[in-house]
Amino acid sequence: MIQDDVKAELDLLLARVLVDNLVGNAWKFTIHSAAARIEFGVTHAAGARAFFLRDNGAGFDMAYADKLFAPFQRLHTVAEFPGTGVGLATVQRIILRHGGRIWADAAVDRGATFYFTIGNQAAGAT
Numbered sequence: 001m002i003q004d005d006v007k008a009e010l011d012l013l014l015a016r017v018l019v020d021n022l023v024g025n026a027w028k029f030t031i032h033s034a035a036a037r038i039e040f041g042v043t044h045a046a047g048a049r050a051f052f053l054r055d056n057g058a059g060f061d062m063a064y065a066d067k068l069f070a071p072f073q074r075l076h077t078v079a080e081f082p083g084t085g086v087g088l089a090t091v092q093r094i095i096l097r098h099g100g101r102i103w104a105d106a107a108v109d110r111g112a113t114f115y116f117t118i119g120n121q122a123a124g125a126t
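For the sequence shown, this note's numbering begins at 1 and goes up steadily by one.
Think of the hints as simulated: they come from the structure by calculation, not from any bench.
There could be a bad hint or two in this list.
Straight line, CA to CA, 20 Å or less: simulated EDC-like cross-link-like pairs of lysine to aspartate or glutamate [what the hints assert, rightly or not]:
hint, residue 1, residue 2
1, 28, 109
2, 28, 61
3, 67, 105
4, 67, 109
5, 7, 20
6, 28, 105
7, 28, 39
8, 7, 39
Start from the sequences and build out the full structure, keeping to the hints where you can.
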């Protein structure tokens, strides 16, 4: 599900890589969910306008959240969920390049939500 009227100004090619990686992860980690749900939208978090991508998949233990955006750091085995371990590191670089930040909230077997801001849009511009 995608909220109506979600807009941002950023490099189109990098935006595709950003969305492909976030949605790809959500898709991958909901594969074992009987009723998978992936949502993309805008909210206010940490005092700023933030985009979010939420799923109801495998989730992860927040004790390991500091490893999420480091290249080749994985919180699940390749046997459980295939991948290279560079997707979220790539996403973080794109967000940082656009003057934003990214963070996550999750629980094991309860899904994950990734939030991010984009530079000049963090205060509420569209």
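Q.
Holds or violated: residue 28 and residue 105, Cα atoms, limit 20 Å.
A. It holds: about 17 Å lies between the C-alpha atoms, which stays within 20 Å.
Would the hint linking residue 67 and residue 109 be met if the CA-CA limit is 20 Å? At roughly 18 Å apart (the allowed maximum being 20 Å), residue 109 and residue 67 satisfy the hint.
*Can the restraint linking residue 28 and residue 39 be considered satisfied, given a maximum Cα separation of 20 Å?*
holds (14 Å)
Would you check the hint for residue 28 and residue 109, treating anything up to 20 Å between C-alpha atoms as holding?
holds (13 Å)
Could you grab the alpha-carbon distance between residue 7 and residue 20 and see if it respects the 20 Å cut-off?
-> Holds, at about 16 Å.
**Asked** Taken at face value, is the distance from the CA of residue 61 to the CA of residue 28 at most 20 Å?
**Response** holds (17 Å)
- Item | Restraint check for residue 67 with residue 105, where alpha carbons must lie at most 20 Å apart | Holds: residue 67 and residue 105 sit about 13 Å apart, inside 20 Å.
Do the alpha carbons of residue 7 and residue 39 lie within 20 Å of each other, as the hint requires?
holds (15 Å)
The structure fails none of the hints (numbered hints given earlier).
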